[in-house]
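With these hints in hand, go ahead and build the complete structure from the sequences.
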Amino acid sequence: MELEHSFSDNAFAKELYQKILFLEFMIQLNRTAISNHINYLDSVIGNAKLLPILEFINEHITEELSVDSLSAKFYLNRYYLMHLFKEETGYTIGNYITEKRLLLAKNLVRNGSSLTEACFQSGFKNYSTFSRAFKKEFHTMPKNALFLD
Numbered sequence: 001m002e003l004e005h006s007f008s009d010n011a012f013a014k015e016l017y018q019k020i021l022f023l024e025f026m027i028q029l030n031r032t033a034i035s036n037h038i039n040y041l042d043s044v045i046g047n048a049k050l051l052p053i054l055e056f057i058n059e060h061i062t063e064e065l066s067v068d069s070l071s072a073k074f075y076l077n078r079y080y081l082m083h084l085f086k087e088e089t090g091y092t093i094g095n096y097i098t099e100k101r102l103l104l105a106k107n108l109v110r111n112g113s114s115l116t117e118a119c120f121q122s123g124f125k126n127y128s129t130f131s132r133a134f135k136k137e138f139h140t141m142p143k144n145a146l147f148l149d
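Going by the numbering used here, the sequence shown opens with residue 1, and the numbers climb by one from there.
Hints may contain errors.
Here are the simulated lysine to aspartate or glutamate pairs, DMTMM-like style, with alpha carbons at most 25 Å apart [as the list claims (entries may be wrong)]: (1) Lys86 / Glu63; (2) Lys49 / Glu63; (3) Lys73 / Glu55; (4) Lys19 / Asp9; (5) Lys49 / Glu117; (6) Lys125 / Glu15; (7) Lys86 / Glu55; (8) Lys73 / Glu63; (9) Lys125 / Glu137; (10) Lys143 / Glu24; (11) Lys49 / Asp9; (12) Lys73 / Glu87; (13) Lys125 / Glu59; (14) Lys49 / Asp68; (15) Lys73 / Glu88; (16) Lys86 / Asp68; (17) Lys86 / Glu117; (18) Lys136 / Glu117; (19) Lys106 / Glu55; (20) Lys86 / Glu59; (21) Lys136 / Glu99; (22) Lys86 / Glu99; (23) Lys86 / Glu64; (24) Lys49 / Glu59; (25) Lys136 / Glu63.
Per label pair, the in silico range of CB-to-CB distance [to be verified]: (26) His60 / Ala13: 49 to 55 Å; (27) Glu99 / Phe22: 50 to 56 Å; (28) Leu16 / Asn47: 37 to 43 Å; (29) Asn144 / Asn47: 36 to 42 Å.
Read the hints as simulated data drawn from the structure, not as lab findings.
Remember, it's a predicted structure, so these values are computed and weren't measured experimentally.
Note that CB positions come from ideal geometry on N, CA and C, so glycine has one too.
Right under this line is the structure:
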């Protein structure tokens, strides 16, 4: 709001002040994105083959997903798919799926689901796998999901 207000202001060093406010806004935006594990993929420079794969994973995150099933669905060699995915996103396919499932589980718990419900509703097959992955990602036990930012 302060940045927006600065455009109608004619005070001393108006342009410099606007640049400072804009940079501050960008820093806050990036901090929020990083702390909430938001990842952006530039669709202009991203590989066109990867975008449908990411969409499919995100739409079917609670279902059984594997490298083999994805490579068969998208008619890609499994090793090429793994290499492409890692190169374009910085994640292995398994790590990407796990992180998406953990974020979903965290949101389910925050919205009132029990830990067990959140575990299975987010696509994990057993609680111990979920618990280990949760602790590794968030550095705390799943029971503390309500207290995470």
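Hints, one by one, checked against the model:
1. Straight-line distance between C-alpha atoms of Lys86 and Glu63 comes to about 21 Å, which keeps the hinted pair within the 25 Å bound.
2. Our distance criterion of 25 Å between C-alpha atoms is met by Lys49 and Glu63, whose separation comes to about 21 Å.
3. Taken as a hint, the Lys73 and Glu55 pair is honoured in the structure, with Cα atoms around 13 Å apart against an allowance of 25 Å.
4. This hinted pair checks out: Lys19 and Asp9 have alpha carbons roughly 14 Å apart, not beyond 25 Å.
5. Taking the CA atoms of Lys49 and Glu117, the gap is about 34 Å. The hint is violated against a cut of 25 Å.
6. For the hint linking Lys125 to Glu15, the alpha-carbon distance of about 56 Å lies beyond 25 Å, and the restraint is violated.
7. For a cut-off of 25 Å, the pair hint linking Lys86 to Glu55 stands: about 16 Å separates their Cα positions.
8. As the CA atoms of Lys73 and Glu63 are separated by approximately 14 Å, the hinted pair is consistent with the 25 Å bound.
9. A C-alpha spacing of about 18 Å is found between Lys125 and Glu137, which places the hinted pair at or below 25 Å, so the restraint holds.
10. Of the pairs offered as hints, the one joining Lys143 and Glu24 is violated, with about 35 Å between alpha carbons and a cut-off of 25 Å exceeded.
11. About 48 Å separates the Cα atoms of Lys49 and Asp9, which puts this hinted pair outside 25 Å; it is violated.
12. About 20 Å separates the Cα atoms of Lys73 and Glu87, which keeps this hinted pair within 25 Å; it holds.
13. Distance hint between Lys125 and Glu59 is fulfilled; the C-alpha atoms sit about 18 Å from each other, no more than 25 Å.
14. A hinted pair counts as satisfied when its Cα atoms are at most 25 Å apart, and Lys49 with Asp68 qualifies at roughly 16 Å.
15. With a C-alpha separation of about 19 Å, the suggested pair Lys73 and Glu88 falls inside the 25 Å cut-off, and the hint holds.
16. About 16 Å separates the Cα atoms of Lys86 and Asp68, which keeps this hinted pair within 25 Å; it holds.
17. A distance of roughly 31 Å separates the Cα atoms of Lys86 and Glu117; the hinted pair therefore is violated under the 25 Å criterion.
18. Restraint check for Lys136 and Glu117: the C-alpha separation of about 20 Å stays at or below 25 Å, so the hint holds.
19. Taken as a hint, the Lys106 and Glu55 pair is honoured in the structure, with Cα atoms around 21 Å apart against an allowance of 25 Å.
20. Among the hinted pairs, Lys86 with Glu59 is consistent with the structure: their alpha-carbon atoms are about 20 Å apart, no more than 25 Å.
21. For the suggested pair Lys136 and Glu99, the alpha carbons sit about 10 Å apart, so the restraint of at most 25 Å is met.
22. For the proposed pair Lys86 and Glu99, the alpha carbon gap of about 14 Å is at most 25 Å, so the pair holds.
23. Between Lys86 and Glu64 the CA atoms are separated by roughly 20 Å; this keeps the pair inside 25 Å, and the hint holds.
24. For the given pair, Lys49 sits about 16 Å from Glu59 by alpha-carbon distance, which is consistent with the 25 Å threshold.
25. At most 25 Å may separate the alpha-carbon atoms for a hinted pair to count; Lys136 and Glu63 meet this at roughly 22 Å.
26. The hint said 49 to 55 Å for the Cβ distance between His60 and Ala13, and at roughly 53 Å that hint holds.
27. The given range of 50 to 56 Å is broken by Glu99 and Phe22, whose C-beta atoms sit roughly 31 Å from each other.
28. At about 40 Å, the CB distance of Leu16 to Asn47 agrees with the hint of 37 to 43 Å.
29. A beta carbon spacing of about 38 Å between Asn144 and Asn47 agrees with the range 36 to 42 Å that was offered as a hint.
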